[in-house]
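J.: Quick note, the sequences are listed as chains A and S, same order.
With the first letter of the first sequence counted as 1, position 614 gets the number 614 in this note's numbering; the numbers rise by one all the way through.
Converting from the second sequence to this note's numbering requires adding 1000 to each position, the first position being numbered 1.
Take these hints with a grain of salt, some might be off.
[Stated by the list, open to error] Sample of chain A residues lacking proximity to chain S, with all beta carbon distances greater than 12 angstroms (derived):
#1 182
#2 228
#3 271
[Unchecked claim] Listing some non-contacts, in silico: residues in chain A with all C-beta distances to chain S over 12 angstroms:
#4 197
#5 207
#6 592
[Stated by the list, open to error] Using C-beta positions, here's what the derived DEER-type ranges look like:
#7 A:201 <-> S:1025: 34 to 40 angstroms
#8 S:1021 <-> A:710: 28 to 34 angstroms
#9 S:1002 <-> A:88: 55 to 61 angstroms
#10 S:1025 <-> A:453: 51 to 57 angstroms
Worth flagging that the hints you see were computed from the coordinates, not collected in a lab.
Where is the CB? At the ideal position from N, CA and C, for every residue including glycine.
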Amino acid sequence: MPETPTDCFHCGEPLAGRAVVWAHLHDSDVAVCCPGCRAAAQLIAQFGLEDFYRFRTAPSVRPREDAAEWLAYDDPKLQGGLTRAESNGRSVVLLIDGITCAACSWLIGRSLQTLDGAVQASVNTATGRARIHWDDRKVALSQLLQLIADLGYRPHIVAADSADSADARARAERRAILQRLAVAGLGMMQVMMFAVAMYVGEAQGMEATIRSYLRAVSMLVATPVMLYGGWPFFMGAYNALRMRSITMDVPVTLGLMLAFGASVFNTWRHAGEVYFDSVTMFIFFLTVARYVEMMARHRSTSVTDSLSRIMPVTAHRLRPGDLGDAVSDVAVAELAVGDRLLVRAGEVVPADGEVTHGRTSVDESMLTGEPLPVDRGCGDRLAAGTLNAGEPVHLRVTAIGTSTVLAGIIALLHRAQAERPRIARAADRMASRFLACVLLIAALVCVFWSVADPARAFAATLAVLVVACPCAFSLATLVAVASANAALARRGVLVTNQDAIESLAKATRVVFDKTGTLTSGSPAVTECTTSGAVPESDCWRIAAALESASEHPIARAFGARAAAVSPARDVRVVARDVRVVAGAGIEGSLGGTRYRIGTPAFVAAARPGAPPAGAMPPQGAAEGLLRDDGAIVLGTATGELARFTIGDLPRVESARAVSALQALGLGTEILSGDAQCAVQRLAAHCGIKDFAARQSPGDKLQRVRELTSRGEFIAMVGDGINDAPVLGGSGVSIVMSRGSALALASADLILVGDSLQALPAAFALARRAKRVIRQNLTWAAGYNLSAMPLAALGLIPPWLAAIGMSLSSIAVVLNSLRLMRGAASPADHSKAVAVPPRPLVSKSLLGSSLP
Amino acid sequence: MSIVFVLIPVTLVLVGFGIWAFFWAVRTGQFEELDSAAWEILVDEPVAKVPGKRKPETG
């Protein structure tokens, strides 16, 4: 180990400014940043698995410090719905947060095997899912979960039914596409070889028997490729036509069928041309594209996964006992309306309910976009999925399962997604128009030859259709989209939907969420105005000392800011006799003076003659202050010393990114669930004129629909659960990689670097891609249309047609690859924002992006 | 040239066998998780041989 390590051995976070903790491994001591990392590192060493550190390709995630209760999961009644009985034990599906690379999967699998009775564990690095099979007579589920948690990961149990169906569906899809890929690939190679033989034979002379034989064999090989490999495209086209829309599958299917049909016909009559090589190659490339798209889709989280990340599996139910209330842990699925629950600090509220006892602050940011925790007391409502950030409270359940606010948002998301194809899939207009032209010309040729020379009518018509075979034509879009996706990935934008590039290029207006998108998403102290009695740096130190007694997010914001402002960070002062008043503030002594920090009312109450603290205004007022004003006051019995403004700081790159987008001619708008003045301030900072505050998920969706009906094409950028419906309902959705899993599930593009910087470049690139696609289509159409009359007259010899076809495809591919060039150097439209090249996306990124 | 009448069917049979083998590999779950397998051979000694380690269940 180096003398002075700068980063934590386990999680790789910088050690600067932290007390170094040493972890004892077998033969050396290593520096880590926190007890959590130390425990994980020592446990790994104890298992003899230090190789993990040699082979991992990404640093581990810092273990969370809150201890979770796993014992509750041993209850057989609870396990009934979550696990599955197997021949020699039980199995469970876990979603494990913190898996960053393949080494993590290996570590978890190996560690579990050291437990007697853990039969088998298969961990999928890409999705973060693990299926664990254990012998319940030898080892308890809680022990398995505890071990995974001790290694520094965080397991969530996925309910058996949903896990099985989603898993099975994904697996079936993956297997089917792999098999089709194999058939198409091997078939293509064979047919290509025969085709080369036939081309050479054409030039050098070949016996008619051998030529016919090769054609028959080509047909034999191409038929399974066509029927098995091409099946998904035929089904896609059939479904599209039944829905009265035209997708890319329609021209693909028609082209394939015509080329294949003509080839079969020509093979049968031993004359004319065969195109089995084009057919198989075409199917193979299309299947490769599908496979790549599917992998991206499976990596992004599903809605089921996101729910199991958000919602707890167990709840603490209160039942009247002989000595007051008795607490028992039950499955959330068992809860009924009217049950009384205990929600401890740091826990997620398991059901919608009303507070019956206690008061606390609740982090509702995922539902409302509000960055600051809100104060909740007796009679207030809590929503399932929000986080209890303050004190333990009792709750009376008012809604469960599908009637909760969260479930309502998810239902809204599903509806929005279902309505989407009509908006986004008008993309293939040009393709269908081209196709209509070809069909028209073919019909005319057919009619002409029927009159002029009926014997040649069929051959000539087929020649027209085959020359128009959209080989270059379909490659035109395919290769351009693929290279644009690769170029975007290099800039830190992950594409999960094939239509995304097209939609991005069409966008006329970018709508942003506020919290977590334009801002960093965590509360920060933005300003300090002193009354002059005490210097500002002292105010910061006093405030930080008092606030260090609380774990409230605002208190933590003080600690962070004070460390940055105060020059002598080593001289930390410690307050004495600290008293925390929930929802109001903190009181404590420093150097003999009694200080208060908190809401203006709380601080004012310290003055002699003021009404006692008990007569403080109810939480509504305090909450209002926090919301609309965000002022925190520091004071003594003699008066106020300083006033701090709490807010959510804009991201450093927000204003630049927005102005670059405006320079591209895009409209910009903010839709936020937060308060009016906060949104207004941010809009002014970023230079955005249109904004709306206090928007519910439904309001946002409504607004986007309104804009869409006015002819705008909306790109929505968001991150929260409350954004999920509007993301699903917009033309193209872009989500920050740290966004909630539900938002990620409805994303077309994911900003991997969790930064808006890449956004303008992504729009510019999408437009370039669109231009390249148009050039390709024009070229392909031009080639086809000019060759068609010659083909119709039977003037093109086969070798020339083959060369022409290949050159046409190569031209299209080379033109598309231009999109890749310049991906690393930000050029053309995105001059306003410098985009640093990013490493290619690692697949673990999505697995580790937590809500 | 008439040798092709024999050789091409032979290659087709081999291709058929290849496809069958690939289907078998896909069905037995060998393509489920492509990351850790290549990586595992880097590690010298397995912790313990676990009895009953089999392919994952289908369905």
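J.: Against this structure, judge whether each hint is valid.
T.: Status of each hint after checking the structure:
| no. | hint | in the structure |
| --- | --- | --- |
| 1 | 182 | 4 angstroms, violated |
| 2 | 228 | 10 angstroms, violated |
| 3 | 271 | 21 angstroms, holds |
| 4 | 197 | 8 angstroms, violated |
| 5 | 207 | 7 angstroms, violated |
| 6 | 592 | 60 angstroms, holds |
| 7 | A:201 <-> S:1025: 34 to 40 angstroms | 36 angstroms, holds |
| 8 | S:1021 <-> A:710: 28 to 34 angstroms | 57 angstroms, violated |
| 9 | S:1002 <-> A:88: 55 to 61 angstroms | 60 angstroms, holds |
| 10 | S:1025 <-> A:453: 51 to 57 angstroms | 54 angstroms, holds |
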